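Protein chains in written order, with our numbering: chain A, 1 to 215; chain B, 1001 to 1214.
Take the hints with a grain of salt, since some may be wrong.
As the list claims (entries may be wrong) - In silico DMTMM-like cross-links for lysine to aspartate or glutamate, where the CA-CA straight-line distance does not exceed 25 angstroms:
#	chain 1	residue 1	chain 2	residue 2
1	B	1030	A	101
2	B	1204	B	1056
3	A	104	B	1028
4	B	1142	B	1108
5	A	104	B	1119
6	A	18	A	213
7	A	73	A	92
8	A	104	B	1056
9	A	104	B	1131
10	B	1030	B	1144
11	B	1030	A	213
12	A	104	B	1033
13	A	104	B	1036
14	A	104	B	1133
15	A	104	B	1108
16	A	104	B	1089
Said to hold, decoys possible - FRET-style restraints, in silico, Cβ to Cβ:
#	chain 1	residue 1	chain 2	residue 2	range
17	A	34	B	1017	26 to 32 angstroms
18	B	1082	A	104	28 to 34 angstroms
19	A	176	B	1162	21 to 27 angstroms
20	B	1021	A	22	39 to 45 angstroms
21	A	174	B	1204	47 to 53 angstroms
22	B	1017	A	180	51 to 57 angstroms
23	A	180	B	1161	29 to 35 angstroms
24	B	1168	A	189	41 to 47 angstroms
Hints in this document: simulated from the structure, not taken from any laboratory. From a predicted model like this one, the values you see are computed outputs, not experimental measurements. Glycine residues also receive a C-beta, built at the ideal position from the N, C-alpha and C atoms.
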Amino acid sequence: MATDAKKAQPNDSDEVTKGLWQQNPILVQALGMCPVLAVSNTARNALAMGLATGFVLLASNVTVSTIRHFVPKQVRIVTFILVIATLVTVVDYLIQAISLELHKALGAFISLIVVNCLILGRAEAFASKNNLRRSFLDGLGMGIGFCWVLLCLGSVRELFGYGSLFGVRLFGQHFQEWVVMILPAGGFFVLAGWLLLFNWIGQLRSRRQSLEEVI
Amino acid sequence: MYRAVVGVGVACALVIVLVYEITRPIIERKRSELRERAVMQVLPGARSSAAFRLTDEGRFESTSSDDEADNLVFAGFDESGSLVGLAIEASGMGYQDTIRLLYGYSFDAEAIIGIRVLDSRETPGLGDLIESDAQFLRNFEKLDVRLTDGGDALLHPIEFVKPGQKSEPWQIDGISGATISSQATADMLRDSAGWWIPRVRPRKADFQTTQGEQ
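Bound conformation, chain B alone (with noise of 0.2 angstroms):
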């Protein structure tokens, strides 16, 4: 009795490696390739990408690694191979469900230069504007990061108003309808701005050594 489940579960194992070990590669891939189309959309301008994991001394090192682990940034390059920003996920509590988002942050301009929400279950029609609206994603062309002299903090933490009275680079314009999800944005971009600008800015030259490569 026990021969006939063994034989089939082992022929079941088998199968399984063998679909695993096929599809393996196209799967890596094909996740590489999404990751570099959200990192191009947040970085306009940028070509190509690769990514960067900050290590306990607080330096920036080149990775292979695509998993989804913390500590991960991916720097965008334009044809020329020089640097155009960096990509950052970052994710937090949303309506329904977490939001992940990833946005673009340019050295140059010392401002998030796009967003896109990678993974959101917020309402459809309502929360799920904070993808589509074209008024609200305007906020993000330009969102002021800049940094305190001493470097350590934002000098203007991302602020979350009510639609239409956005008046500050630093601000984020609310949607009607959506507000909980709209700030959720906001909240999630000011907490990881916070975090990571102050890590990443002094480290520019991290990412420039690496020129061309990708």
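Just chain A, same shape as in the assembly (with noise of 0.2 angstroms):
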């Protein structure tokens, strides 16, 4: 414990913010890519998937820093998905309980959630070897982060793919839908639009930066 008070540690907000951006899921990790492109054809699935793995992920993070000690190091890995199968298998049954279209139009994304592995990959390398504070606003930043993305990424799809934003018609009658966007090839199409443009800003941020540095 002296060796880790010892440590420089990252503040609070930074703890949230690095999901966000600096080490942002989807846009610098590429992890859990599978729901990413399936499932986001529109806002409103895209909102709701984002919730529920960002849910998980909270959930996850938390209860696997409560019982870090608890646990032997040979059985963790085990325990975690023993832990992130249950979460999962809530989720659905809330999913379902909220609305069964929304349950009918994810499908199995929501069950794979257990397989994405930017939850197990959170539980092993942060919440395992953090406590339950730092655990929390890791897997409150990360959720975010894929959540925001997520967003991002199916407001663009149902725009163009749909002329419409969360169910609502935006253009006109007139509007020649871009079938592509909703098909599995546009999620590629918009990911690789949006990766452009935050690499871009992230590399003139940079360059900002070291400017300044300069001067």
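Bring the two chains, given one by one in their own frames, into a single complex with the hints.
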């Protein structure tokens, strides 16, 4: 513990913001790409998937961090998967209780949150080594980071693919839908577009920072 | 070592059972509401519905079961409790995957009076037009499914024709660009109606016994 205290600890806001930007699970770590591409065809589906994954991530981080001292090293992965599978089952029932149509639209991808490497990755790499407070903040940041990028993807795909946003039509009757945006290929195109944009912004920022350092 | 895993396992099982017990009544209620809405959509004028199961003896008996097992039809009743018609489920292979739909049968009109796609993964913008294309859905405002004099088969099995070539009330106009999906819809309706209508038509009285109950 004494050595822990000596290390420079990032403050709370850094713990949250790293998931939003510097270590964003989709844009930087490229984790959990399967649901990202599959259910981001409308903003509503993307938001629901983002919230469901974010909730599981947050709850698994908190649980794993709480039980980390009781679980022997040899069986930690099994235990983490057990916890994550339970949380996903809970989310599955909750989504069914909220809306059956939404449950149908997300389909098998709700159950597949279990195998989203983002969640097990954070449990193993972070929550099992850090205290409850930091694990909570990490889960919160990563969850929001996953959710907002998914929402960006879903919004663009719905906007061009259906001419609407959250089911509200934004263009007139003569709008020609870009069907490709709703198809799987559209997911790749839009993801590539957002990656280009974010990398460009990231480069601009780092260039400005290095300039400031020189001055 | 195993104590930790077993302990976590038991705790997880308890959480799952708890959440299942809490959400089960809500999910069941939502499921029956969804079914009720679908029945009302395919049977214009219906205000309530009830499920009936086809027994081995060929009778229909009222059932509270709501599972998606075979041999279930849904009777729709209007405000005064009289029978509007039956909603029957049909399914068949579409372009990408199985299409499931519900269609409404009117005893008085001897026709299919509405359809609603329950489940489909047809190509967006092309195959999924079977759910929204107004011209295509007009086919099902009154699709003739009269029976032969013997009552054991459809007088005119439902036919699929090219877009704009419908000339008889038992024909279905296809959708250009969604030929496979619209043909699949026609095929599954022909098969399902050919099986169900000869069985339900002589048993109309079975459905009227529960008038006003729902």
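Hint check:
In summary, the hint linking residue 1030 of chain B to residue 101 of chain A is supported, as the alpha carbons are separated by about 10 angstroms, within the 25 angstroms threshold. The suggested pairing of residue 1204 of chain B with residue 1056 of chain B holds, with an alpha-carbon distance near 17 angstroms, which does not exceed 25 angstroms. Between residue 104 of chain A and residue 1028 of chain B the CA atoms are separated by roughly 15 angstroms; this keeps the pair inside 25 angstroms, and the hint holds. Distance check on the hinted pair: residue 1142 of chain B and residue 1108 of chain B sit about 11 angstroms apart at the alpha-carbon level, within 25 angstroms; holds.
With a C-alpha separation of about 9 angstroms, the suggested pairing of residue 104 of chain A with residue 1119 of chain B holds against the 25 angstroms cut-off. A threshold of 25 angstroms between alpha carbons decides the hint, and for residue 18 of chain A with residue 213 of chain A the separation of about 22 angstroms falls inside it, so the pair holds. For the given pair, residue 73 of chain A sits about 29 angstroms from residue 92 of chain A by alpha-carbon distance, which is inconsistent with the 25 angstroms threshold. Straight-line distance between C-alpha atoms of residue 104 of chain A and residue 1056 of chain B comes to about 33 angstroms, which puts the hinted pair past the 25 angstroms bound.
The suggested pairing of residue 104 of chain A with residue 1131 of chain B holds, with an alpha-carbon distance near 16 angstroms, which does not exceed 25 angstroms. Of the supplied pair hints, the one linking residue 1030 of chain B and residue 1144 of chain B is violated, its CA atoms being roughly 33 angstroms apart against a limit of 25 angstroms. Taken as a hint, the residue 1030 of chain B and residue 213 of chain A pair is broken in the structure, with Cα atoms around 60 angstroms apart against an allowance of 25 angstroms. Using a Cα cut-off of 25 angstroms, the hinted pair residue 104 of chain A and residue 1033 of chain B holds, with the two alpha carbons roughly 15 angstroms apart.
The hinted pair formed by residue 104 of chain A and residue 1036 of chain B meets the criterion: a straight-line CA distance of about 17 angstroms does not exceed 25 angstroms. About 22 angstroms separates the Cα atoms of residue 104 of chain A and residue 1133 of chain B, which keeps this hinted pair within 25 angstroms; it holds. Straight-line distance between C-alpha atoms of residue 104 of chain A and residue 1108 of chain B comes to about 35 angstroms, which puts the hinted pair past the 25 angstroms bound. Distance restraint check for residue 104 of chain A and residue 1089 of chain B: the Cα-Cα separation of roughly 18 angstroms lies within the 25 angstroms cut-off, and the hinted pair is therefore satisfied.
Between residue 34 of chain A and residue 1017 of chain B the C-beta distance comes to about 29 angstroms, which sits within the given range of 26 to 32 angstroms. The hinted window of 28 to 34 angstroms between residue 1082 of chain B and residue 104 of chain A holds, with their beta carbons roughly 33 angstroms apart. Range check, residue 176 of chain A to residue 1162 of chain B: Cβ separation about 25 angstroms, and the 21 to 27 angstroms hint holds. The beta-carbon spacing between residue 1021 of chain B and residue 22 of chain A, approximately 43 angstroms, falls within the hinted interval of 39 to 45 angstroms.
For residue 174 of chain A paired with residue 1204 of chain B, a C-beta distance near 48 angstroms keeps the hint of 47 to 53 angstroms intact. For the hinted restraint 51 to 57 angstroms between residue 1017 of chain B and residue 180 of chain A, the CB-CB distance of approximately 45 angstroms leaves it violated. The given range of 29 to 35 angstroms is respected by residue 180 of chain A and residue 1161 of chain B, whose C-beta atoms sit roughly 31 angstroms from each other. Under the hint 41 to 47 angstroms, the C-beta atoms of residue 1168 of chain B and residue 189 of chain A, about 46 angstroms apart, fit the expected range.
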